[in-house]
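Construct all of the structure, not just a fragment, from the sequences and the given hints.
Protein chains: 2
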Amino acid sequence: MATPDDEIAATDTREAIMEATFRALKRRGYSDLRLRDIGEEMSMTRQVIHYHFDGKRDLMSSFLEHIIDQYEGSVDVGSDADPRTELDARIDQCLFGPDFEEFSHWDRMKVYHELFAHARNDEEHRETFTEHYDRIRGSIVEVIEAGIEQGVFRDVDPVRVGQLITDMIHVARERRLALGHEDAPEEMRASIDDFVVERLCIDEES
Amino acid sequence: MATPDDEIAATDTREAIMEATFRALKRRGYSDLRLRDIGEEMSMTRQVIHYHFDGKRDLMSSFLEHIIDQYEGSVDVGSDADPRTELDARIDQCLFGPDFEEFSHWDRMKVYHELFAHARNDEEHRETFTEHYDRIRGSIVEVIEAGIEQGVFRDVDPVRVGQLITDMIHVARERRLALGHEDAPEEMRASIDDFVVERLCIDEES
Numbered sequence: 001m002a003t004p005d006d007e008i009a010a011t012d013t014r015e016a017i018m019e020a021t022f023r024a025l026k027r028r029g030y031s032d033l034r035l036r037d038i039g040e041e042m043s044m045t046r047q048v049i050h051y052h053f054d055g056k057r058d059l060m061s062s063f064l065e066h067i068i069d070q071y072e073g074s075v076d077v078g079s080d081a082d083p084r085t086e087l088d089a090r091i092d093q094c095l096f097g098p099d100f101e102e103f104s105h106w107d108r109m110k111v112y113h114e115l116f117a118h119a120r121n122d123e124e125h126r127e128t129f130t131e132h133y134d135r136i137r138g139s140i141v142e143v144i145e146a147g148i149e150q151g152v153f154r155d156v157d158p159v160r161v162g163q164l165i166t167d168m169i170h171v172a173r174e175r176r177l178a179l180g181h182e183d184a185p186e187e188m189r190a191s192i193d194d195f196v197v198e199r200l201c202i203d204e205e206s
Numbered sequence: 001m002a003t004p005d006d007e008i009a010a011t012d013t014r015e016a017i018m019e020a021t022f023r024a025l026k027r028r029g030y031s032d033l034r035l036r037d038i039g040e041e042m043s044m045t046r047q048v049i050h051y052h053f054d055g056k057r058d059l060m061s062s063f064l065e066h067i068i069d070q071y072e073g074s075v076d077v078g079s080d081a082d083p084r085t086e087l088d089a090r091i092d093q094c095l096f097g098p099d100f101e102e103f104s105h106w107d108r109m110k111v112y113h114e115l116f117a118h119a120r121n122d123e124e125h126r127e128t129f130t131e132h133y134d135r136i137r138g139s140i141v142e143v144i145e146a147g148i149e150q151g152v153f154r155d156v157d158p159v160r161v162g163q164l165i166t167d168m169i170h171v172a173r174e175r176r177l178a179l180g181h182e183d184a185p186e187e188m189r190a191s192i193d194d195f196v197v198e199r200l201c202i203d204e205e206s
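Which chain is which? The protein sequence lines are S and W, in order.
Everything in the first sequence is counted per full-length UniProt numbering, starting at 1 for the first residue and increasing by one.
Everything in the second sequence is counted per full-length UniProt numbering, starting at 1 for the first residue and increasing by one.
Treat the hints with care, as some may be off.
Since copy identity is lost for identical chains, a pair holds within one copy or between any two.
[Claimed, not checked] Dumping the calculated SDA-like pairs for lysine to any residue here, alpha-carbon to alpha-carbon at most 20 Å:
1. 26 - 123
2. 26 - 114
3. 56 - 106
4. 26 - 59
5. 110 - 43
Worth flagging that the hints you see were computed from the coordinates, not collected in a lab.
All values reported here derive from a predicted model rather than from experimental measurement.
Here you go:
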């Protein structure tokens, strides 16, 4: 029977594997990544990877979940925050932070955007990625739905507007990473406000 | 002295090299591309590549210019078209077309987006790419400036709004290519209208 100590150990091991995956992806990129590269980034024997994960695709799926959890878990709004406050916090989170221990926001985003780009060349990876992408977009869509329900947002199509905001966040990060436009995230934050959120909010235009 | 026939021959040769470059990029991707791969896609000897271009970077710069020229040259508006019509035509062009001979719009966009993504890992390529990217954004910015001058668009910051429209176009193509969201360009077309162009136009809101 698993004891609480065993569970902590298993969580720690998975956490160590996730961090090793980050380092390996940063170093090698996704297409050339082998499980042994991840093993080389760990102090443990790489057999633990095979014990915890059923191959590269399974590991990558957990890895994407891990990144998303870090973002979702660190959105700092109370459960009674109004939808506008929560929407703002989520957009800021996706554009600007958070930093975790050894990996900055942009270290993580570099890896995330490489995983995104790689989906164009690999049908299996695309499937894994799309599952997780839906969850990322979903958290924006949910806040918009809540806002409409509470009467603070206009009665828009929440999926369409959620997709638009997700797209705007994505492209600003992409442009910073690919072309080095350092101010793209701040510029986009202002544009999301002026062109989308302001129109979404019922109060601000009345 | 170069005769008109020589000039036509030189233009044809460069055109043939551009098409061979497309095929080679589609087949091998940018990072592994060697000039000899382009040579293999041509019926001519690959020495003509070295005669016309001073290495991979010079060729890629011409290649980017070639793609942009195809887009700019095929925007089908008269010189006296009003800014709104021209803006619409340019956005449609970037999102949906045109097809040229053996390469469809999406064949070309796949290559273009790979060149964009590659800029994140290669400082020299980034420099070349950025020059051409500025021209792409510039043609949208110019139409907005003309519209403001003619009093049909509001007095916005043309560079900021031009960048936003360029970003929105980019991310819709990217999402279609990477995640296979076939309807992303059509959805984005509607969003650009509803959230940006409609607010830009003075008539529509008065």
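### Message
Taking the earlier hints as the rules, which of them does this structure contradict?
### Response
3 and 5
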